[in-house]
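Full structure from sequences and hints, please.
For reference, the chains in residue letters:
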Amino acid sequence: MIEARNVTKFFSIINEDRTADGITAVLSVSLTVEDGKIVSLLGPSGCGKSTFLEILGGLQAPTEGGVYIDGKQVLEPLPSTRKEMEAYRRKYRFLSPLANSMFRNRPKHDIAMIFQDYAVFPWMTALQNVTFTLKLRGVPRREWEDKAVVYLRKAGLAESLSKYPSQLSGGMRQRLALARALAVEPRIILMDEPFAAVDALTRERLQDDLLRLWGETGITVVLVTHDIDEALYLSDEVVVFSPNPGSIRNRFIIDVPRPRRRSDPELAELRSRMTSLFKYDINHESEYSI
Amino acid sequence: MVNRTSIVTPEFLAVLIPLLALWEVLPRLGVVPRTLIPALSDVAVTFWDMFANQGFLVDVGSSMAKFLLGLGLAIVTAIPIGVLMGWNIAVRKRLLPLFQLLSPIPPPAWVPITIILFGIGLPMQVFLIFLGAFYPILFNTYQAVKDTEPRYLASARVFGASEFTLITRVYFWHALGAIIMSVKTGVAIGLVMLVIAEMYGGRTGIGYVLNEAKDYFQIPKMVVCMVTLGIIGWLMIEILKSVELRLAVWKVGR
Chain H
773 MIEARNVTKF FSIINEDRTA DGITAVLSVS LTVEDGKIVS LLGPSGCGKS
823 TFLEILGGLQ APTEGGVYID GKQVLEPLPS TRKEMEAYRR KYRFLSPLAN
873 SMFRNRPKHD IAMIFQDYAV FPWMTALQNV TFTLKLRGVP RREWEDKAVV
923 YLRKAGLAES LSKYPSQLSG GMRQRLALAR ALAVEPRIIL MDEPFAAVDA
973 LTRERLQDDL LRLWGETGIT VVLVTHDIDE ALYLSDEVVV FSPNPGSIRN
1023 RFIIDVPRPR RRSDPELAEL RSRMTSLFKY DINHESEYSI
Chain C
2 MVNRTSIVTP EFLAVLIPLL ALWEVLPRLG VVPRTLIPAL SDVAVTFWDM
52 FANQGFLVDV GSSMAKFLLG LGLAIVTAIP IGVLMGWNIA VRKRLLPLFQ
102 LLSPIPPPAW VPITIILFGI GLPMQVFLIF LGAFYPILFN TYQAVKDTEP
152 RYLASARVFG ASEFTLITRV YFWHALGAII MSVKTGVAIG LVMLVIAEMY
202 GGRTGIGYVL NEAKDYFQIP KMVVCMVTLG IIGWLMIEIL KSVELRLAVW
252 KVGR
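These protein sequences, in sequence, are chains H and C. When you line the first sequence up against the working numbering, it's residues 773 to 1062, in that order. When you line the second sequence up against the working numbering, it's residues 2 to 255, in that order.
Hints listed in this document are in silico derivations from the structure and should not be mistaken for laboratory results. This one's a predicted model, so the numbers in the text were calculated from it and none came from an experiment. Do not take every clue at face value.
What the hints assert, rightly or not - Examples of chain C residues toward chain H, derived with CB under 8 angstroms: (1) Ala91; (2) Pro124; (3) Phe128; (4) Arg152; (5) Ser156; (6) Val159; (7) Gly161; (8) Ala162; (9) Trp174.
Ideal placement from N, C-alpha and C gives every residue a C-beta, glycine not left out.
Shown next as structure tokens:
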């Protein structure tokens, strides 16, 4: 179970004229994700949903509040007083708070993450990309290849084992990222607009791939998207974010049974309600629209 | 992208052959004084004579050995230090200012003090070559490692990568193209320092022969030395290109 309690993220900016400014990217967001669910974070760009996802994954420390995975805190919040700041600096002088360890490969939490722009390593073949993550998770060496091949096959990349990412299409690269994430058999998978960079047809196929693999493994998925249809088609719950500052605006439980039809009237009904939400935002002079 | 092209193309030969012909014909016809600018055939004869009878091969070998020693020393020190500086801000803050203060000193300015410290001979020459190659490799490695795309680091970290794994499997590979480029720069500056070092102190090497030829006004001999140096530099770049092709096969694509 993932629990976010009052997560706030504030970025300070020093302007060119040396005045200070700040942006509240995420303001007091609390969210609980039950095991085995697919939850979408939906919102226009710039609403803090990606920042929030990175905080969930431990790639950024929150300014205030905390994220707990099965009761264990992901990253301590940033210091707020001068004294705390000095202690924090001393503690993390040589190793950043994001680092796992100096020499031992060990994940802090049982999470895998998929990024919008794939982030598969271009200097490794498809097979090496997957075996590398297996190595990081401490899977014994003799199991690497078999396991990697199994997941690459599931992702439809059986013929591309020794190809480099530059030789794969965008959709294949994202499937590789998916295979890489699933191969470590995580309990939670975080996805940051995973299908935004591929064409519409590929996107639909990838969504179905995700649902199939999710059905086979029963993992928890938190998905950031700005695509209402994607959120409706995939999720058990849609959490709508609004910008300035990024906060939760509304939640929708979607109990339409799977497999869903994209043209389901119930989904269409939900869709129009969500769209009106965004329209309301636009009328109130939001900078962003969807 | 790595680009592999042969130097001997018909297009280039169409330029090279007339140039070589002019080099041969102009001094022979007396258009330019033959005593100052020797004809191609004079140089070729001297070339053969130097390698066959004057033991020039020993000088070439000695120069190559010094050069490789100095360059190797620069590679094995500058790359690790550069990687460490790019990887960690704490290391960077402690070391970078030092190198930023030292690097603007032109390497040839180190010659006098190096001669006094090391005496005339191999250590001094190797040190000067090392000095020439060190800074470009260091700064380029550092910069490239520092500019590693955060998303690659993030994705490795989420899977549990230790800092050591990040360095060996992510930072280094991301910076590899820039590192090889910087070694090419190191080769160029290292060759400059080789010639300077041999001209100032030593009893062997191409630079020494070059300087000696100047004293005896043996112009063909000087030209042979220059051509040999050019060939060595070109060979080194070609070797690096094939290393690049081998290591960075993922960049080539198909």
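Here is how each hint holds up against the structure:
Satisfaction of the interface hint for Ala91(C) is found here, the shortest Cβ-Cβ separation to chain H being roughly 5 angstroms, below the 8 angstroms cut-off. The interface hint given for Pro124(C) is violated, since its Cβ lies 35 angstroms from the closest Cβ of chain H, which is over the 8 angstroms cut-off. This hint is violated: Phe128(C) has a C-beta 32 angstroms from the nearest C-beta of chain H, more than the 8 angstroms allowed. A cut of 8 angstroms between beta carbons decides the hint on Arg152(C): the least distance to chain H is about 4 angstroms, and the hint holds.
Of the supplied interface hints, the one on Ser156(C) holds, with its beta-carbon coming within about 4 angstroms of a beta-carbon of chain H, less than 8 angstroms. With its C-beta approaching chain H no nearer than about 4 angstroms, Val159(C) sits inside the 8 angstroms limit, and its interface hint holds. Satisfaction of the interface hint for Gly161(C) is found here, the shortest Cβ-Cβ separation to chain H being roughly 3 angstroms, below the 8 angstroms cut-off. Given hint, Ala162(C) at the interface with chain H, holds; its Cβ is 5 angstroms from that chain's nearest Cβ, closer than 8 angstroms.
Taking 8 angstroms as the C-beta cut-off, the interface hint given for Trp174(C) holds, the closest approach to chain H being about 4 angstroms.
Hints 2 and 3 from the list above are not met by this structure, while the remaining hints are.
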